[in-house]
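Asks: The chain contents come next:
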Amino acid sequence: MHVVRREEYDAVVVGSGIAGGWAAKELTEKGLRTLVIERGRNVEHGKDYITEHKPAWQLPLRNERLSVGTKGAEQYPIQARTGQFHEAVKHFFINDRKHPYVEDKPFTWIQGEQVGGKSLIWGRQVYRWSDLDFEANLRDGHGLDWPIRYADVAPWYSYVERFIGVSGERLGLPQLPDGEFQPPMEMNAGEKFAKAGIERAFPDRRVTIGRVAILTESLNGRLACHYCGPCERGCSTGTYFSSQSSTLPAARATGRLTIVPNSIVHSLIYDAERNRVTGVRVVDTTTHATREYYGRLMFVCASTLNTTRVLLNSKSSRFPDGLANSSGVLGHYLMDHHFQAGANGVIEGLLDRYYQGNRPNGIYIPRFRNLGDETSRRGDYVRGFGYQGGASRPGWGRGGGERGFGVELKRRLRDPGGWRIGITGFGECLPRPDNYVELSDQTDEFGIPLLRVHCTWSDNELAMRKDMAASAAEMLEAAGCKEVKTYDSYHGGDGLGAEPGLAIHEMGTARMGRDPKTSVLNGYDQAHDVPNLFVTDGACMASSACQNPSITYMALTARACDYAVAELKRGKQ
Amino acid sequence: MESNAQITRREALSRVAILLGGAISAPTLAGVLDAATRRAWATAQGWTPRTLNASQTELVAVIAEHIIPETDTPGARAAGVHRFVDTLLADHYPAAERDRFLDGLRGVDTRSRSRHGKPFVECVAEQRVALLTEMDEETYPPRGSDTATPAGDETWFFRRMKELTLVGYYTSEMGATRELHISPFGPYHGDIPYRSVGRSWA
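Protein sequences, first through last, are from chains C and W. End of the first sequence sits at 1333 in our numbering; the numbers just go up one at a time, nothing left out. End of the second sequence sits at 311 in our numbering; the numbers just go up one at a time, nothing left out.
Hints are computed from structural coordinates only; laboratory data are not their basis. C-beta atoms are modelled at their ideal positions from N, C-alpha and C, and glycine is treated no differently. Mixed in with the good hints there might be a few duds.
If the Cβ cut is set under 8 Å, some of the chain W residues that face chain C in the computed set are [to be verified]:
id : residue
1  : Asp245
2  : Glu247
3  : Pro296
4  : Tyr297
5  : Arg308
Make the full structure from the sequences, and use the hints.
Replies: Given below as structure tokens:
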């Protein structure tokens, strides 16, 4: 049965995550009647955070990690690869059996499946890019020069930060520009110790508290953090930024927002005569019925790889290889950050110091390699990395790794252990044509071809990882830490461990550029080929930098909406 | 939100109390009750294990209580560690891991029989402690030494048993709120004197 419902909107947004939520807010606030299409189920802010503040003893598995092979992961063999997949957050991850894909080599694709998307479970770390990043491709010749520079995005970073609320410390570093910050969270004694030691030994390096989209002061009805800890279960006080807490309510308040959940986009409808996208074909994920929706503006924000999958599957005689793909680069230049290489160690003493509250944040060490000067230049790789980490006093869990039991063990575990510290690098990944996705011959239960992913780390990433581990150890040792050990979870070959995708920063595949022959999107995230088509999620990225990318998606989305609506009002859409 | 959380905690408290019934005082009796009584206790209170049989349940409860005994606060048995272990075996572990754990339990009795001619739970407390000490020393290098843990099914089992006991105990309401403290909701204090807290956060 083929049911077609014709509904007309000013704008259609595919996806309700970080980017889609921002598109919905901006477009509705600018007066457009906007439809948001979400493949996942509806989630109601607050009410559907079913594990929020639930003590461990109310969870049958006590919030055990559901790793690959465990019974709770039977429907989630891919999602179970990330350490973030636990009993208490399982319901915010996608069912892999229902939404399969094909891996050429291990590529871990972590996805959300609900209104709000991954914005409910994201890491919340937000760092501006700088011109070191926007000029990187131009400078070393990898990838294609960005059509924009920091000055183009800076006001939009500010615009986004003022709305989402970012706590952090101003550092005045050119490679990591400051933003509109709320007061920073406090470091603990171990982190203060490491900061003092590292900054003393390396005057060019800084240790700062993470910049996070978590409020330390109330903002627009959202409350300052109460430090319960596991943000990813959902936060009914709206303390961390998510589509659910922030952008979708703002869009809803305009009276111009419609959200259709349980609807997976099959493809976009293209009118060759007018050279415009006119609508979307969706499949109802519950009934498998098909529907169509129409709009004058189309924002595809379905998450990097799903966005590209939709475009690749939108074929016409004008675009036989996928919509807006006259360049042929659609699907190529896939990137992710490579991480889980670093070091950890012991901080002696400070046993009279402790902390109170579960701070959902750690420390950050901004990039200090290849900054454009001779001293920071590396001969063995280009680009750079930053570190995330933290110090803590281990609790009872340490007892499982130590000899002893009985009254003595119980007494010992009543006190926290000595201080430990760990830092892991997040490294930039070069944009390369041979990291790409394509449509396979198989289809899913909705009749949509599965994505086939080809992605591996290059020699540049592998050389950088050696430095990520070595420099981490060098800094911890210089700070006076003991028992310092390096680690690198990537072991090469076809095994799992720091494999591409695991950082959940997948980006690229519909890159921006100045030339329609070599890029899919222009500097406003607008398809070169089809003027009313915009892609503002991670797919648009022309390089990866080493900073967590979400705030850049938000800034680019707001900027693209501003441009698109201005064009629309000038009659150019 | 705050009031909801409090209601939830209150509900939880009453539920745990109902589940455990008079069990809070049971661990002190564990050493003096005969095995049959203890087996009966393990399957009483309206709870039936789904993977462990009665004697395996009792074996888990007895080992767990030796690892985290009742002191001035309840121990592992009162906190229901054996129930948690059964839940994990039934609802969490892949079959191979479950079987390996069950083999490990059998191994404890094999060892006990070879030393003392009877299953572990029927040994006197000193014999049980000696057996567990033996396994603990085989599993873990001396504290402070750099030696790696020896591999093998028995060391795997004992380590896993100890880890599960700790998880089951310290994430139980008793372990988290009576033995340790739960960090209260409110402002974050990053650097405070330890004496102002006095024990590890759960």
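Asks: Run every hint past the structure and note whether it holds.
Replies: How the hints compare with the structure:
1. Interface hint status for Asp245/W: upheld, as the beta-carbon distance to the closest one in chain C is roughly 6 Å, under 8 Å.
2. Hint status for Glu247/W relative to chain C: violated, with the closest Cβ pair at about 10 Å, above 8 Å.
3. Here the hint on Pro296/W is kept, as its CB sits about 7 Å from the closest CB of chain C, short of 8 Å.
4. Taking 8 Å as the C-beta cut-off, the interface hint given for Tyr297/W holds, the closest approach to chain C being about 4 Å.
5. This hint holds: Arg308/W has a C-beta 5 Å from the nearest C-beta of chain C, less than the 8 Å allowed.
Of the numbered hints stated above, the single one contradicted by the structure is hint 2.
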